[in-house]
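Peer 1: As they're listed, the protein sequences go chains Y and C. Quick note, in our numbering, the first sequence goes up one by one and the last residue is 636. Quick note, in our numbering, the second sequence goes up one by one and the last residue is 1146.
None of these hints come from the bench; they were simulated from the model. No experiment lies behind these values; they were computed from the predicted model shown. Any given hint could turn out to be false.
Said to hold, decoys possible - What follows is a set of in silico ranges between Cβ atoms, one per label pair, in the way DEER data are often shown:
1) P215(Y) <-> V826(C): 58 to 66 Å
2) S684(C) <-> P471(Y): 57 to 65 Å
3) L814(C) <-> T599(Y): 25 to 33 Å
4) T815(C) <-> T599(Y): 26 to 34 Å
5) E56(Y) <-> I920(C): 54 to 62 Å
6) A804(C) <-> M618(Y): 26 to 34 Å
7) D208(Y) <-> A804(C): 53 to 61 Å
8) V223(Y) <-> L770(C): 52 to 60 Å
9) A579(Y) <-> N661(C): 45 to 53 Å
Note that CB positions come from ideal geometry on N, CA and C, so glycine has one too.
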Amino acid sequence: METLVYIALFAPFVGSLFAGLFFARSPKNIIVGIVNPALIFISFLASVALAFHVAEYGEVHIKMMDWISVGNLNIPFGFLVDEVSVTMMVVVTLVSTVVHIYSNGYMDHDKSFNRFFSYLSAFVFSMMILVMSDNFAGLFIGWEGVGVCSWLLIGFWYHKKDVTPDINPAISPSYAANEAFIMNRIADLGMLVGLFLIYWNVGSLQYDVVFEKLPHLADGLLVSIAIALFIGAMGKSAQFPLHTWLTDAMEGPTPVSALIHAATMVTAGVFLVIRANPLYSLDAVAGVSYFIAALGTFVAFYAASMALVNRDLKRIIAYSTLSQLGYMFAAAGLGAYWIALFHLAAHAFFKALLFLGAGNVMHAMDDELDLFKMGGLKKVMRGTYIYMGVASLALAGIPPLAGYFSKDAIIETAFNEGTYILWFSLVFTAGLTAFYSFRQVFLTFEGEERYKKYGFHPHEMYKYVLVAMSPLAILAVVAGWFQETFHEFIIAVLPDYEMSHHTHHNAWWLGLLVLAFAVSGIVIAYKKYAQKGENAFKQDAEVENGFLYKLLMNQYYVPYFYVEFIVKPYTVISEKFWAIDKAVVDGTVDMIAKVLYRTGDKTRTMQNGNLSSYLNWMGAGALLLILAAAVSAVMG
Amino acid sequence: MEHILSILIFFPLLAGILGFVVDKNSAKAYGISVAAVEFLLSLWLWASFDTTNAGMQFGEFIPLISQFGISYNVGVDGISLFIVIMSALMTLLGIILLDESKIANMKNMIVSLLFLEMTMVGVFLSLDAIIFYLFWELSLVPMLYIIGAWGGPTRVYAAVKFFLYTFAGSLVMLVGLLTIAYLYHLEAGVWTFNLLDWYQLDLSVGLQFWLFLALFAGFAIKVPMFPFHTWLPHAHGQAPTIGSVILAAVLLKMGTYGFVRFSLPLFPDASVQMIPFILTLSVIMVIYTAMVAFAQKDMKQVIAYSSVSHMGIIMIGVFAMNAEGLGGSIFLMLSHGIVSGALFMLVGVIYERTGTKIMSEFGGLASIMPVYATVFGIMLMASVGLPLTIGFVGEFLVLLGFYEVSPLGTVLAGTTIIIGSIYMLTLFKRSFFGPVTNEKNRNLKDLNARELTALLPLVAIVVWLGVYPKPVLGPIDTSVKKLLVDMEYKARTPEAKETIISLQRAKEEK
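Next up, chain Y with everything else stripped away, as it sits in the complex:
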């Protein structure tokens, strides 16, 4: 089994080196396009085999070697493959395989084709370390690793120049990349503090040791650890107020958005909370857990509201990702860890599909992102239309697609816990989700063919790319049917979460209510955006000048706030400090030197070689001495 673990982990790494070291500089090399997806696929096969092994025989825990060992601290490179990590491994490698194949088509004409594959595979490797490590420090390696890969990939088209933003604060890929990295680092500091607290109170960073000793720690300490770790999770999973980087990350190539900024990396925070479930389900930290759920619910609604008005193809999906991450946190915070993980997996499939579909549209439309310049694309892009439609249905939670099962379970959990405000917010947000998803689909594929006006000549994506996307489409449909199988599999390590009789009793109308919201969302979207001719969608200046529209379009002015009240003051203070450093700190030194120098310069006249002035000085000196003697005699 050890071999399988190593294959699953290192196959992507080999791919990254292969693409990076051998082909970094040559133009597109088709071998990279074949070898890299193949290696990721091997990793996927190994992960599946491990999943069966784990289901049969339980976890695999191996220690490769020591990493850091100082004082009492010992951190190994250790890997734990249990039900939770193997689920993540399968999801990550599956989506990665599809995205790797897809990238062959999408990055076809890019001059940095090989570099792209090198980064993409490196990302998969980091993500595997993140989910497979058996200790918090190992998780942190992966955590920072995916951060760097995300930086490299958001900024992949680094040569683009900065454009002054109107409403969009990301002015270039390199800007967005730096923003993502720095914002994540803020959260990482919180995470590091969590690690320090754990180490000094438990004496180890190994999951098994830590989780065993946690219940014996003081309540206040547990709360601190829980908060610190969650701050880390907030960064990676882009929870409010550290969320702005995620939408700006859409500056990266679309396969990156699909893999990193939708399906896998951004779920790392959710994974951390699920992984640390022995901590978050302690009574002492119930307050923190509830806060996680409440914040998740808030973000679910908050992000969905911004998606309502946006006209950028990718940003809408990014908001929807944010919103769905909120759902996952809501479930995890309420103690339904396995449901959170289930939604994480289902979401990975349909959201990656949605993004890749959006990539097809961009490919067809010369990288145009404005929905108002599209419309009626269904004629030329039937395959993509079906895929995006299926993905949106799944996202909207229409039965029997994946999202119906996983999201419904989360909403039911909120009801079951008696947190009715959260419950209703989540229900309402489900309606919004359906609306904005289909607003996007209809604006793209239905209605008037607005693109003709702008001179676009759209064409469907390559056949093999569409075929490669099919596994995701199938999973977006069927993943939900395996809810029970997954449940049985996962509760071996995660605490079970069962609905009460009361909830069971009410399940039918709860489900119907959610469905009603979702369906009405779709219907409204259809009425408004899918019509042709007279009723066709037109921009309405009155609405667009309204307060609410502007508020949402400007993302509640949060990015504006960050620029005005954090970035600019930081720059100003830095400049001030530099001025102080030169004038005051260094100035003092120079002044001391000058005083010494001038004193020397002035007193130099004492030794001018003139005998009479020497005598004068001698007399003055003698007088001073006598005076001193006299004073001391009087005083003494």
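Here the structure of chain Y is known, so what remains is to put chain C in place on it, guided by the hints.
Peer 2: Then chain C, alone, in the frame of chain Y:
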């Protein structure tokens, strides 16, 4: 090879003197061979070093002035071993990087560097306070000459400032050292400057305090700690690349090494007492200089200030009073040497090509010089402390260790991972990303063989010690634990005994 340490110290001196008669045109080749031999010798030292022995090894003792107990006394332990190796390595790579067509009078440069190498190795191996002080002061001379002879437009001002500022501090330190010898004489009736004997000296807390301050003057200016750091930007601004590399990689470490070798074991109570003071200065150093770095227009000044900022992390590690923090800070000295040395080399590379270091002159370099950008990117990531690079290990351990002393202080100092990435990523974006804004840069050549020879070993070390730091951390850990045990044993006040966490106590608690 029982005299390996003396060979390590005096071989560069001898070779440097012989260097005067070497032919002008083969000066660089001569320098490389000497530095390579020295580096191999240092590796040989590592190979024959007993990693289980925490004490001094390969000791040599020759009385010089026995009336005053001054002797030639050298030895090496896990703390100094790797700093010596690092000094030899950075000298070698620095000489390799020298461009014969750009450096006038290469022979003098090589001789200065070899002389400098002797003083650096000497400082880290000395176990006699007077010998230590001699090497310490002598190291100023070649650096003064390097800055003054090969520096930029205001090199004389910068060189003199560097010299006088650090010299002034060292004089106060000398007074402190002489006082310790005097106190030892009072107590034991004999004169000695042997550091190992001094370790036995039991000083009152009050005396410890004043002596700590005296030595602090010498060490803190060298580190350089805020607010004594202003000589450094001037020195870096004017120094040639090789000067900056050695200065940042090795000379600054003399300061932090001094704290570890002298202040901690000699004044355990005062060291504990001074933690809040050191912490305050260090946190200011970390945050303030990082922000000043962000404001810079000149690439080299960014690296210079960032170097100061990272030295702040090393300082708090030294005063963490546990094996995790102290061991981490010694590891961080090495990684800071490697990474900041490499960054100065990289700035030198672009300066040699374009004659400027101003970031706004660049932009889009990544597409013109991809290999250069990649190496720079790796060093950048090491500098911001990315796991699996050398930069993470030390930084993580220092912050982890210091958390036990002061959680708030650690959080404040820990902001280095945020503000460090702010100025570094901004530098990278301004210089390497975006379209090519300066047409003159369009034909810049990527790294050549000479530059790759100097830089690739550093890249390899950055990854190797990031993934597998054990060979270096092991011996450091062993010696650091011994140091902490000695400190705890020697400490007088219960407060100090409480704060210093030696391994023995950690075991007892378990």
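Peer 1: It remains to establish, for every hint, whether it holds in the given structure.
Peer 2: These are the hints, each one checked on the structure:
no. : hint                            : verdict
1   : P215(Y) <-> V826(C): 58 to 66 Å : holds, 59 Å
2   : S684(C) <-> P471(Y): 57 to 65 Å : holds, 59 Å
3   : L814(C) <-> T599(Y): 25 to 33 Å : holds, 27 Å
4   : T815(C) <-> T599(Y): 26 to 34 Å : holds, 28 Å
5   : E56(Y) <-> I920(C): 54 to 62 Å  : holds, 58 Å
6   : A804(C) <-> M618(Y): 26 to 34 Å : holds, 31 Å
7   : D208(Y) <-> A804(C): 53 to 61 Å : holds, 56 Å
8   : V223(Y) <-> L770(C): 52 to 60 Å : holds, 56 Å
9   : A579(Y) <-> N661(C): 45 to 53 Å : holds, 48 Å
Figure legend: structure checked against the earlier numbered hints; every hint is met.
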